[in-house]
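A.B. asks: This is what each chain is made of:
2 protein chains.
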Amino acid sequence: MENPETNHQPDHQFSEAERQAVYKTIYTRRDVRGQFKPDPIPDDVLARILQAAHHAPSVGFMQPWNFLLIRSQEIKQKVHDLFKQANQEAGQMFKQEEQRQTYRTLKLEGILESPLNLVITCDRERAGPTVIGRTHDMAMDVYSSVCAVQNLWLAARAEGLGVGWVSIFDRLELKKCLNLPSQVTPVAYLCIGYVDHFFKEPELKTAGWLDRLPLQDLVFFDQWENNHAENEKGLISHLSQAAY
Amino acid sequence: MENPETNHQPDHQFSEAERQAVYKTIYTRRDVRGQFKPDPIPDDVLARILQAAHHAPSVGFMQPWNFLLIRSQEIKQKVHDLFKQANQEAGQMFKQEEQRQTYRTLKLEGILESPLNLVITCDRERAGPTVIGRTHDMAMDVYSSVCAVQNLWLAARAEGLGVGWVSIFDRLELKKCLNLPSQVTPVAYLCIGYVDHFFKEPELKTAGWLDRLPLQDLVFFDQWENNHAENEKGLISHLSQAAY
Chain A
1 MENPETNHQP
11 DHQFSEAERQ
21 AVYKTIYTRR
31 DVRGQFKPDP
41 IPDDVLARIL
51 QAAHHAPSVG
61 FMQPWNFLLI
71 RSQEIKQKVH
81 DLFKQANQEA
91 GQMFKQEEQR
101 QTYRTLKLEG
111 ILESPLNLVI
121 TCDRERAGPT
131 VIGRTHDMAM
141 DVYSSVCAVQ
151 NLWLAARAEG
161 LGVGWVSIFD
171 RLELKKCLNL
181 PSQVTPVAYL
191 CIGYVDHFFK
201 EPELKTAGWL
211 DRLPLQDLVF
221 FDQWENNHAE
231 NEKGLISHLS
241 QAAY
Chain B
1001 MENPETNHQP
1011 DHQFSEAERQ
1021 AVYKTIYTRR
1031 DVRGQFKPDP
1041 IPDDVLARIL
1051 QAAHHAPSVG
1061 FMQPWNFLLI
1071 RSQEIKQKVH
1081 DLFKQANQEA
1091 GQMFKQEEQR
1101 QTYRTLKLEG
1111 ILESPLNLVI
1121 TCDRERAGPT
1131 VIGRTHDMAM
1141 DVYSSVCAVQ
1151 NLWLAARAEG
1161 LGVGWVSIFD
1171 RLELKKCLNL
1181 PSQVTPVAYL
1191 CIGYVDHFFK
1201 EPELKTAGWL
1211 DRLPLQDLVF
1221 FDQWENNHAE
1231 NEKGLISHLS
1241 QAAY
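Protein sequence lines, in the order shown, are assigned to chains A and B.
So that you can map any letter, position 214 of the first sequence is 214 in my numbering, and since no number is skipped, the others follow by simple counting.
Whatever position you read off the second sequence (first residue = 1), add 1000 for my numbering.
What the hints contain is simulated information worked out from the structure, not anything from laboratory work.
Since the model is a prediction, treat every value here as computed from it, not as a measurement.
A virtual CB, placed ideally from N, CA and C, is assigned to each residue, including glycine.
Hints may be right or wrong, so weigh each one.
To spell it out: a stretch of chain A is covered by chain B in this simulated footprint if at least three of its residues, at any positions, have a beta carbon under 8 Å from a beta carbon of chain B; those stretches are [unchecked claim]:
#1 26-38
#2 44-55
#3 67-73
#4 145-153
#5 190-204
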């Protein structure tokens, strides 16, 4: 057993500049579907964003993720075919003809143009059948892999790399296409590369599909739907200010 | 329609110092179960970490999250009772007596000591039945709420706030206790507060429960389980170096 005090972080506090950098990453991160440049990603940069993913929180420290890097144009093409099929089905699912028309104009993936595709998976059997913290919610391992996705996404933004999450696939077809074993779930299919530019706002906001919700409407106090607590006026006033 | 060029981010690139700050946050973030101080969290700080969560990626820009802030000692106590019951059940689930003994010594939550408990939820009906990107994977909305958790967790670390994710509950009992409507899933129950210190390493690693896996064993190239590609030697060499 180590002396616990030697296990404390020496640099507990962040400077104002460091804090600002973290918020800059969070606010300028975008879901990138186009604007990819073919430039290769240097090995050291790619290793850094994968390390960032690997240092995500995981339930019971099980680290259930794998990282499947796809550079083969042949495999990308097969995955793109699966996307095309699912996307055609998706386009039919909207009730209003106007929505169906808008849907068809949206670019929702950059599978073929991005130099790197990355699948982040979850191995449901990574740490045996009983996992600390997963005993009462079997989805916690998949949530850990999602945390890895978000860590990678933010690290990539700081490196100037665009990342787009493609989710319009038949999951079983995708598993078959990637030869994943039965206990391995493909959590996120990501398209990654340097980009010409990042957009200021989410593309679905710019396209008028949905607007950003006012944060103060989403925050409740002690009870569901209680958002007008008398002693929370200070917080509510801060919540209604623009974030950046 | 805006002129698309005015929708480009002006500050595309990050400085080396900004990148370092992002990695510092990712590597020094811990799952905090103790060491909480009773000091209140100032409203501006709390608003900033909630804004960070609200700017997470969400499928079809549906922003399915709510943020239920719990400061009431009475509600915390009820939630703690639910944890205690589930945790007792959990302790029986491990096969080996040695694991069961170690499990009982682990502190897995800070519900009562942390000044703020926060539930991040997912409203499965936030944007109607058909959501862009959720058509073929109905879990994508819950994954969006997990991304909000991770954004908040990192922002909190940069603010010097500890966050711990408690997942050992009967989910239906927790929903009942918090009066959540049927379409709202409690994704994460978080304990938040300033801390005496952050640990250098995950507590389950220090306790000898599990070790951190070597990243290079988790990375595959084009095919599942192919981790020795001839043309990837440069990357593999970077992956096997310590992250920080």
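A.B. asks: Determine for every hint whether it applies to the structure shown.
C.D. replies: Evaluation of the provided hints:
1. 26-38: Per the Cβ count (5), the hint holds.
2. 44-55: Holds: 9 residues of the segment 44-55 of chain A have a Cβ under 8 Å from chain B.
3. 67-73: Answer holds; 6 residues pass the 8 Å Cβ test.
4. 145-153: holds (count 6)
5. 190-204: holds (count 7)
When the structure is compared with the earlier hints, no violation turns up for any of them.
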